[in-house]
Amino acid sequence: MAFIDIRTIDKFYGSFQALSEVSLSIPKGAFVTLLGPSGSGKTTLLKILAGFEGVSAGQILLDGRDITALKPEARNFGLVFQGYALFPHMSVFDNIAYPLKVRRKGRGEIAARVEAMLDLVQLRPFARRKPQELSGGQQQRVALARALVFQPDLLLLDEPMSALDKKLRVDLQDQLRDIHQRLGTTFINVTHDQEEAMHMSDRIAVMNLGRIEQYDMAHTLYRRPASRFVADFVGKSNIFAGTVEGGAFATEEFRMALPADGARPGAAELVIRPEDIRLGAAVAGDVVLAGSVAASTYSGDRALYSIALPGGRVMLTYGSARDGALEPGAPVQIAFDARDGILI
Amino acid sequence: MSRAIFWVSTVLALLFLVVPLALVMPLAFNGSSFLTYPMEGFSLKWFEEVFTEGNWVRAFGNSLKVALGTTAVALVIGGLAATGLMLTGRWLQIVLTGLFVSPMIVPSIVIGVAFAYSFGRMGLSGSYAGLVLSHSILAAPLVFLSILTSLRGLDPDLDLAAASLGASRGQRFRHVTLPLAAPGFAAGALFAFTTSFDEVVVALFVASPDSLTLPVALFAGLRDRLQPTLVVVALLLSLISFAFLWLMARLQRLNAPQKP
Amino acid sequence: MSAATRKPGGGRLVALILLTVPLAVYAFLYLMPIGSVLSLSLDNGALGESLSHIRAADPADRDAQAAALIADMQAMEPGRQAEVARELNQEMSGFRTLFLKTARASDGIEPTLAGLVVADPRWGEEKYWQVIRQNAAPITWRHYQRATGLVVDDDGRITAGGDDIYLQIMGRTLVIAVQVTLVTLLISYPLAYAVANAPRRLAAFVLVAVLLSFWTSILVRTTAWVILLQTAGLVNTFLIWTGLVDEPVQLIFNRFGAIVAMTHVLLPFAIIPMMNVMRTIPKSQVDASRSLGAGPVESFLRVYFPQTLRGVGVGGGTVFILALGFYITPALTGGPKDQMLSFYIADFVKRALNWGMASALSVLLLAMVLALVALFGLVRWLSARQGGRA
Ligand SMILES: Nc1ncnc2c1ncn2[C@@H]1O[C@H](COP(=O)(O)OP(=O)(O)O)[C@@H](O)[C@H]1O
Ligand SMILES: [Mg+2]
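So the protein lines, in turn, are chains A, B and C.
Going letter by letter, the first sequence gives residues 1 to 344 in the working numbering.
Going letter by letter, the second sequence gives residues 1001 to 1260 in the working numbering.
Going letter by letter, the third sequence gives residues 2001 to 2390 in the working numbering.
Incorrect hints may appear among the rest.
Claimed, not checked - Pairwise CB distance ranges (calculated):
#, chain 1, residue 1, chain 2, residue 2, range
1, C, 2353, B, 1041, 47 to 53 Å
2, B, 1156, A, 228, 36 to 42 Å
3, B, 1242, C, 2336, 33 to 39 Å
4, C, 2378, A, 66, 47 to 53 Å
5, A, 133, B, 1227, 56 to 62 Å
6, A, 132, B, 1011, 40 to 46 Å
7, A, 66, B, 1065, 56 to 62 Å
8, A, 101, B, 1011, 56 to 62 Å
9, C, 2336, B, 1098, 57 to 63 Å
10, B, 1098, C, 2238, 44 to 50 Å
11, B, 1098, A, 116, 50 to 56 Å
As the list claims (entries may be wrong) - To give an idea of the interface, some chain B residues facing chain A are shown, with a C-beta separation under 8 Å as derived from the structure:
#, residue
12, 1160
13, 1161
14, 1163
15, 1164
16, 1167
17, 1170
18, 1171
Because the hints were derived from the structure by calculation, they are not lab data.
Note that the Cβ used here is the ideal one computed from N, Cα and C, for glycine as well.
Throw the hints in and build the complete structure from the sequences for me.
Take a look at the structure:
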């Protein structure tokens, strides 16, 4: 049975529907990420989980117990805020000790547990500082320690990395995954950054317009997107609109065998990931197209090309860039294996 | 040309603002009883007169008592009003804010008449309680506004964070809201004290000869006969105001680093 | 956090509990006293309670009215008779003696009009009966009639036949408030400008001067002007010393003194909002205008000044509303012809003990202030709607 069971939640703000029929079940100890563009309802769902917002319809079960109407302070969920929400009048130590103090723990126990947390997030030398005297990454770790020190049943993180620079973000992602593995607490993370989602989570729920589009492991999400939105939002993709008929998929540009069985005839879309496209060299049986380089983005190890096809469509693909990128206007041939296509 | 306009107008306006008080205050130390220059020597005799004359000392004591009482009462009214208001819905907030600040726009003379009549019927005329209560109504809007401003300036996530960490509403108020809004409460207290300490009009209607406050005594003195003791009292009143202004500036500086 | 967000733990009940005390205090110590001023301005006092027979009598039947008046007089205690006589006298002088004389002899008077005329021939004059009839109700408009100079005749028509002294005073109050507001704005603008734009040291100095002035009590600042402007005061000494005048000039207890002192007292209330607006205007805007070819004066008038109008409006509005209700400063520095409405309100309470008139004038003053506040609110709302947030 699922540890957290979110059952068909609707949330209305006035007449605006921020969440519709959101269902999610999360096993104990999992690291789940809510991924979606800004305004898709991630924070709303997190606030409902934390108890700051009520639901318009639906239920939340924790270990089979209905907690939908429980006050936030009675839920025992840790929460890391987007801006961290550290108490500016308390030291790092006092911030972390706060949840233990309101739980009336003894002095000795508080000191021991806070120090253990300080070690976990590597902030022991900063215990006496005020939050304003720390860097962004350190503040984030204080927020994490404060949200974990009382051994919550669930840790909620609202875009915890969004205020940090790229390099620091990757370091902290590693640390966060490490902490998750050591503690075994259930984590729900919110982000609009697909790399972060892929990097850390066991499972990802992709949200769009208040709905969950797909809830799967990162690999499945990438290789088997359930909708055009997921295909587009997770990773780069080339999407062709066309029709399925007589065991084949046809577009303006080409016709190919179906990548998998069971596709129903009618309108469909085909997704080809850029890395599945071969630039220049074709293999027998490939779909082969001719075009010319429209633009290239050089990134050292490789280059990302936009290839313009005669019909005007532009396709994305990667190429080796050891000898520099191809010049715009250069004619090229691209090819892909029909079996790498994803039909949706 | 435009620079000349700027400098001339600024200097003239500044002189108008500053010179009257700067010229008059030194007369408190004048050796003679004429309130004009040139001063005839330096003397503290008018100070001595003020400090030894029963009326002035009593009026000062009354003012102090009333101002302290007003501070306490207005702090309770304004503080409860502001904290309560934060928990209500948007429309109620607008209506209640209007009600709570409205004594600021009612002319004091009207409030004076209203209190003089009502307190007469309640048997509070001329009493210490009557003065404190009427000044509290004048001071409550200022306390309310300064506390409300600092409550509104708090990051709402801090309260949510404390709730998620397990703190009850009372604990959140004591541990998070109150310490962070403390400068607002302190500023409100300063406003309340000076409002009462400087108030004349309502006190004229509500005070009895026994509960006469310092400004009322000064007002009566000015209508009666000009003498250097009045300048001494005015000087002392402004020194107290300056002390409060200084405290207020300190408070703002204290408050500054907490709000990013 | 928007209002739609659920406050953790449902705050309605707690809000109610917290708000009970301030709401009760405001209701009992603020709304009720103000309300009592309103009812006092309409209350007919002793007259309304004591002339019940007159009220019941047929207004067309003179004899019945005479009988009713005598019955009312006989029902009054001597003290009440004196009070009624005093209040009638406020309506028409000479009524006190007429009423008291008749009341004392009322047991021996025949209860007809003829009988009363025998007791005092003045009862034959219609004007006395008119006053009596008009004042026999528990509610009266007479305070407002006296305050506005409007008269209601027997047929219920409103005519402008009365004494309009209080209308003139209201007009004078408005004129003084306008004069003070204009002078204040004129002096405030350069100071606010200096705080926002002058070199650091000067800006800081002006700011400190403004704040010191703001925190110094109004009475203290008025005191300074009384001492400066008196006949043997500093200004006159200076003028004589320079030889500009030969004998002291009257600088106080006239309009000049009142406006100078009120302006000085109200300056900070105009400067502070103006300076807050000016501080938000980036200095680079005027530079940009200059770089685009406009001269300094044109840049100021076209780019800077229009943006400061909001601050000028707030400052001017505040000063105007405060000036309308001003009491102590004009009372100490103005002459008899420069007193504002508040002076007469205080006078009615302190000297004439006429609460009805004091209340009626208070209500009119409050109405003026509220109308202005509403007007300013409307203007701000409209301009906010027009110019976005500008
Ligand atoms: N308190 C609120 N009142 C009205 N609309 C809201 C409120 N909170 C969020 N919304 C709306 O709900 C939608 C989802 O918001 P949110 O959950 O914050 O998105 P995300 O966190 O995914 O960016 C947005 O369109 C937002 O405007
Ligand atoms: Mg969000």
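Outcome of the hint check:
| no. | hint | result |
| --- | --- | --- |
| 1 | C:2353 - B:1041: 47 to 53 Å | 48 Å, holds |
| 2 | B:1156 - A:228: 36 to 42 Å | 38 Å, holds |
| 3 | B:1242 - C:2336: 33 to 39 Å | 36 Å, holds |
| 4 | C:2378 - A:66: 47 to 53 Å | 51 Å, holds |
| 5 | A:133 - B:1227: 56 to 62 Å | 58 Å, holds |
| 6 | A:132 - B:1011: 40 to 46 Å | 42 Å, holds |
| 7 | A:66 - B:1065: 56 to 62 Å | 59 Å, holds |
| 8 | A:101 - B:1011: 56 to 62 Å | 59 Å, holds |
| 9 | C:2336 - B:1098: 57 to 63 Å | 38 Å, violated |
| 10 | B:1098 - C:2238: 44 to 50 Å | 49 Å, holds |
| 11 | B:1098 - A:116: 50 to 56 Å | 53 Å, holds |
| 12 | 1160 | 6 Å, holds |
| 13 | 1161 | 4 Å, holds |
| 14 | 1163 | 4 Å, holds |
| 15 | 1164 | 4 Å, holds |
| 16 | 1167 | 5 Å, holds |
| 17 | 1170 | 10 Å, violated |
| 18 | 1171 | 5 Å, holds |
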